[in-house]
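Protein chains: 2
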Amino acid sequence: MLCEEQHETPSNLYSSRDVLAVNEKSGENPLPTCMEDTAAEGRQEEGSFCQSEEIQKEIKELRRRDEEECRLKQQNVRSRIDQHLIQNGGDLSLLLSQHTVPNEVKCVQLTRFGQTKNIQSDKVPLPLPMKGDVLIRSHSCGVNFHDTMTRNGILDNWVRSAKPPFIMGSEVAGEIVGLGKNVTDLKLGDRVIALPERKAWSEYVVCREEYCFKIPDQMSYHEAVALTVDGIVSHSLLFQMGNLSSGKAVLLHSTPGGLGTLVTQMARTVPNTRIFKITAERMNGKHVESSDHAVHYIERDTDYVSEIRNSYPHGVDLVLDGLHESNFHRDFNLLSPMGKYVLFGNRTTNGGLFDTAKSWLGQEKVSPLKLYEENKSICGFNLRNLLYFQKDRRYIRETFDKVCQMWQDGEIQAVFDCILQFDDFNEALQHVQDHGQVGKVILDPRISKEDSLNEHDPENMTLPTSKKEEENLERKISPDLHEGNEHKHVHGFLGKLREVFSPNV
Amino acid sequence: MLCEEQHETPSNLYSSRDVLAVNEKSGENPLPTCMEDTAAEGRQEEGSFCQSEEIQKEIKELRRRDEEECRLKQQNVRSRIDQHLIQNGGDLSLLLSQHTVPNEVKCVQLTRFGQTKNIQSDKVPLPLPMKGDVLIRSHSCGVNFHDTMTRNGILDNWVRSAKPPFIMGSEVAGEIVGLGKNVTDLKLGDRVIALPERKAWSEYVVCREEYCFKIPDQMSYHEAVALTVDGIVSHSLLFQMGNLSSGKAVLLHSTPGGLGTLVTQMARTVPNTRIFKITAERMNGKHVESSDHAVHYIERDTDYVSEIRNSYPHGVDLVLDGLHESNFHRDFNLLSPMGKYVLFGNRTTNGGLFDTAKSWLGQEKVSPLKLYEENKSICGFNLRNLLYFQKDRRYIRETFDKVCQMWQDGEIQAVFDCILQFDDFNEALQHVQDHGQVGKVILDPRISKEDSLNEHDPENMTLPTSKKEEENLERKISPDLHEGNEHKHVHGFLGKLREVFSPNV
Numbered sequence: 001m002l003c004e005e006q007h008e009t010p011s012n013l014y015s016s017r018d019v020l021a022v023n024e025k026s027g028e029n030p031l032p033t034c035m036e037d038t039a040a041e042g043r044q045e046e047g048s049f050c051q052s053e054e055i056q057k058e059i060k061e062l063r064r065r066d067e068e069e070c071r072l073k074q075q076n077v078r079s080r081i082d083q084h085l086i087q088n089g090g091d092l093s094l095l096l097s098q099h100t101v102p103n104e105v106k107c108v109q110l111t112r113f114g115q116t117k118n119i120q121s122d123k124v125p126l127p128l129p130m131k132g133d134v135l136i137r138s139h140s141c142g143v144n145f146h147d148t149m150t151r152n153g154i155l156d157n158w159v160r161s162a163k164p165p166f167i168m169g170s171e172v173a174g175e176i177v178g179l180g181k182n183v184t185d186l187k188l189g190d191r192v193i194a195l196p197e198r199k200a201w202s203e204y205v206v207c208r209e210e211y212c213f214k215i216p217d218q219m220s221y222h223e224a225v226a227l228t229v230d231g232i233v234s235h236s237l238l239f240q241m242g243n244l245s246s247g248k249a250v251l252l253h254s255t256p257g258g259l260g261t262l263v264t265q266m267a268r269t270v271p272n273t274r275i276f277k278i279t280a281e282r283m284n285g286k287h288v289e290s291s292d293h294a295v296h297y298i299e300r301d302t303d304y305v306s307e308i309r310n311s312y313p314h315g316v317d318l319v320l321d322g323l324h325e326s327n328f329h330r331d332f333n334l335l336s337p338m339g340k341y342v343l344f345g346n347r348t349t350n351g352g353l354f355d356t357a358k359s360w361l362g363q364e365k366v367s368p369l370k371l372y373e374e375n376k377s378i379c380g381f382n383l384r385n386l387l388y389f390q391k392d393r394r395y396i397r398e399t400f401d402k403v404c405q406m407w408q409d410g411e412i413q414a415v416f417d418c419i420l421q422f423d424d425f426n427e428a429l430q431h432v433q434d435h436g437q438v439g440k441v442i443l444d445p446r447i448s449k450e451d452s453l454n455e456h457d458p459e460n461m462t463l464p465t466s467k468k469e470e471e472n473l474e475r476k477i478s479p480d481l482h483e484g485n486e487h488k489h490v491h492g493f494l495g496k497l498r499e500v501f502s503p504n505v
Numbered sequence: 001m002l003c004e005e006q007h008e009t010p011s012n013l014y015s016s017r018d019v020l021a022v023n024e025k026s027g028e029n030p031l032p033t034c035m036e037d038t039a040a041e042g043r044q045e046e047g048s049f050c051q052s053e054e055i056q057k058e059i060k061e062l063r064r065r066d067e068e069e070c071r072l073k074q075q076n077v078r079s080r081i082d083q084h085l086i087q088n089g090g091d092l093s094l095l096l097s098q099h100t101v102p103n104e105v106k107c108v109q110l111t112r113f114g115q116t117k118n119i120q121s122d123k124v125p126l127p128l129p130m131k132g133d134v135l136i137r138s139h140s141c142g143v144n145f146h147d148t149m150t151r152n153g154i155l156d157n158w159v160r161s162a163k164p165p166f167i168m169g170s171e172v173a174g175e176i177v178g179l180g181k182n183v184t185d186l187k188l189g190d191r192v193i194a195l196p197e198r199k200a201w202s203e204y205v206v207c208r209e210e211y212c213f214k215i216p217d218q219m220s221y222h223e224a225v226a227l228t229v230d231g232i233v234s235h236s237l238l239f240q241m242g243n244l245s246s247g248k249a250v251l252l253h254s255t256p257g258g259l260g261t262l263v264t265q266m267a268r269t270v271p272n273t274r275i276f277k278i279t280a281e282r283m284n285g286k287h288v289e290s291s292d293h294a295v296h297y298i299e300r301d302t303d304y305v306s307e308i309r310n311s312y313p314h315g316v317d318l319v320l321d322g323l324h325e326s327n328f329h330r331d332f333n334l335l336s337p338m339g340k341y342v343l344f345g346n347r348t349t350n351g352g353l354f355d356t357a358k359s360w361l362g363q364e365k366v367s368p369l370k371l372y373e374e375n376k377s378i379c380g381f382n383l384r385n386l387l388y389f390q391k392d393r394r395y396i397r398e399t400f401d402k403v404c405q406m407w408q409d410g411e412i413q414a415v416f417d418c419i420l421q422f423d424d425f426n427e428a429l430q431h432v433q434d435h436g437q438v439g440k441v442i443l444d445p446r447i448s449k450e451d452s453l454n455e456h457d458p459e460n461m462t463l464p465t466s467k468k469e470e471e472n473l474e475r476k477i478s479p480d481l482h483e484g485n486e487h488k489h490v491h492g493f494l495g496k497l498r499e500v501f502s503p504n505v
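Here the protein sequences line up with chains A and B, keeping their order.
Counting from 1, position 37 in the first sequence corresponds to residue 37 in UniProt numbering; the numbering is continuous, with no gaps.
Counting from 1, position 411 in the second sequence corresponds to residue 411 in UniProt numbering; the numbering is continuous, with no gaps.
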């Protein structure tokens, strides 16, 4: 049997660790020996049933050819890298110092816009960084609603211009193993979160330096993915645009996933904030009895305007409108004097966001004079445009730093819905598209298929990706969430979290 | 000669002090003796030329009738007050404890909208407070651009509904000498700034309690007038709506008077703020050489967009648009990502503000989607609507408190253009209408005509209203403005201030 191309696996990976250790110990070849897959190993142990000399010989020959092929592949990839460095410059020494340099990397490809079947796990040549790029060995990839729209071929500017096939994904955290020419702010070994426009769902990711942000030492890669985009958006909506101060009332239409929990967590850091959350029908009942005084849940189809005016006759100070379900005039009128209406474009249920928004807002133009007469503000926030078109890296970096500070101060924490292996991308996307997630949905390129268990089994819904990360996560979760011993494992306290944070959807 | 109705004059008044002292010393009557006017006094001293018994008798008779008339008037007014208290309740004890209770008070009346001649100094019966009102003995009345529009019969809601004659003015500071029924937050003797919708230019002003705000002990009445409206507007534009933070660029179209200087002073409190001030043509030359690095002056008719983009290629973070001269699209496009456009409606040069604004903005509706795509905000601020229609007293009080705190911390200071007597209302209004003022224009009801000197004489342009206030003012002015002895008097250092602050127009 021919060996599969395989590159050095991080030592903290749960799967294949022992196999790797055996190979690492042998150390006979100047180039590393390829590992047999576990099936071949199994076959070897069954040797007592077929100890003929011929079979022994065949196995030896197979191994030799296997090793030879691996050696050639290593030679090829290293010579490709040398060529790349001669032509383009840069520094790939950290990549080259790896035990095995992968010739091909695993990723998630979109072959055609549209259905589920058009997205598939694939292998592509190792990407290499050009001028201004960095090469990241990825540890954690985020799944967001935008990915579902990308898959469906709706929204947005770059998807419209980019033609499949391409690699999916726009959020990834990992360590920098290569630098293109002229990279100035980052160095080899830096732990970063990267927000490339696409191609994030891959074992190795090339990204422009300007879309990468260093993460604090104590922050795990999964936490970085959970906190970056949602954290920057939440912070911008509440503080930069909303200018939230003590004693204000905020109206938030149902925002699932990491964004919903982060907006709530951040709003809670301001004393006496009251958050009105309009929840989906399916959440009926549960929320209303919540013991959380900061958050008031109202079912979507009820007369929430009257309900809010009962306690806030002058209306709310801040409306966060995800562009998808609110009636602009109704919510605008619900604003109190000095109130702010922030449009942030989160998601849409039917058709493209831009199509929806254009038809929805086409007739919704506002006279600035009306704002002047009523002492109101309308603000718009669109992180993708800010990052990829307006390229306001300074703002994004400063805001990310503030988010990290809030995290370090224990004011906010990363909340995960599930951490899945690459091959579960379709389940992950569907989960997000159905707004079923509570907290961040993550694809972990370091988990192999064998380690990943059915997400529908609640006890095994999520897997820790490293002991250290598990500890980090446990440390960050407030103590009251896992007082008992039953919450020692990530999937355990994530299960608990699901209970606790469900109301926040 | 009959005495003129005259009430107790504050002991710190510059004028008539000696005359008053004489009368106070006599103290023969249970009701106070009316003073002769200075002409009568003069006539008395010429007595050596007409010492006939008849003349002596005539003078005695005149005095007796004078005193009798005054006594009757005091009886009348006190009985009117008693009646008022029986019918309406309240507490007028501080008013009644005054040496003289005025039957009539001096004020500035508008008889018809339009020309200068339709506004006149007048006397009206002492106003008395109804339920929820306070009665203020005024010490300082502010003149703002809105007053000129009121006089001209343009703008705004209440002027359109109110028919002349009425008493002009919407800003007054003084002490509370009477309370209507059900006044809860204020008490007799409180020093307040009041923002009645009108009738502020009077020796005694009745105002709803909700429009009155207590001022710090150390703040003079003139300072309160200079800091309140302009301070609240400036603070709202820069911090509440603009959310100004370090390192931002602000575009400010020429804003004369107290508002312009306060916006600049407050913006300077934020590190590394750069203010682009579009100045009137007549200011040509002077400003460009300013040594002030925080403020960059650009002449109105030049290509300021290019000039700003030279140093801020991404544009400005905040545009403050006084609704009067900017081109909305030009300035909106000059906003950087995350930039804010704040419309605050300061003044208009031709026709009414509302007329101008409606024609100007009628075709300038903005799609919120555009804001979303461009990461921009549009905000409107209108203090009058906020105060009189939306009645958001809490916001106004909180913002005023922040302004007072900035003043107490020495971050901002009151700047005066001139402090004039009541009878100079027309000069004051014209000065403001012509945008000629640098700092606040004030009418002081405690200065008599004799004390007030021609404002066009620079050395006597302004007068201190009390020694204490003069000291207060001097103390507040930064030391470098009056290092020499020549600035000991208010008009002296105000002259200096004019030089120093001229560039800020």
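Keep in mind that the hints were calculated from the coordinates and are not lab data.
Heads up, some of the hints might be wrong.
Here are the simulated SDA-like cross-link-like pairs (lysine to any residue), alpha carbons at most 25 Å apart as the crow flies [as the list claims (entries may be wrong)]:
no. : chain 1 : residue 1 : chain 2 : residue 2
1   : B       : Lys391    : A       : Lys391
2   : B       : Lys117    : B       : Ile154
3   : A       : Lys365    : A       : Val305
4   : A       : Lys402    : B       : Gly315
5   : B       : Lys402    : A       : Val305
6   : B       : Lys214    : B       : Pro165
7   : A       : Lys391    : B       : Ile154
In silico contact screen, one side only, chain A against chain B (beta carbon under 7 Å); selected entries [as the list claims (entries may be wrong)]:
no. : residue
8   : Leu244
9   : Ser246
10  : Gly247
11  : Pro313
12  : Gly345
13  : Ser367
14  : Tyr372
15  : Asn382
16  : Tyr388
Quick reminder that beta carbons are idealized off the backbone N, C-alpha and C, glycines included.
Hints the structure fails to honour:
1, 5, 6, 7, 8, 9, 10, 11, 16
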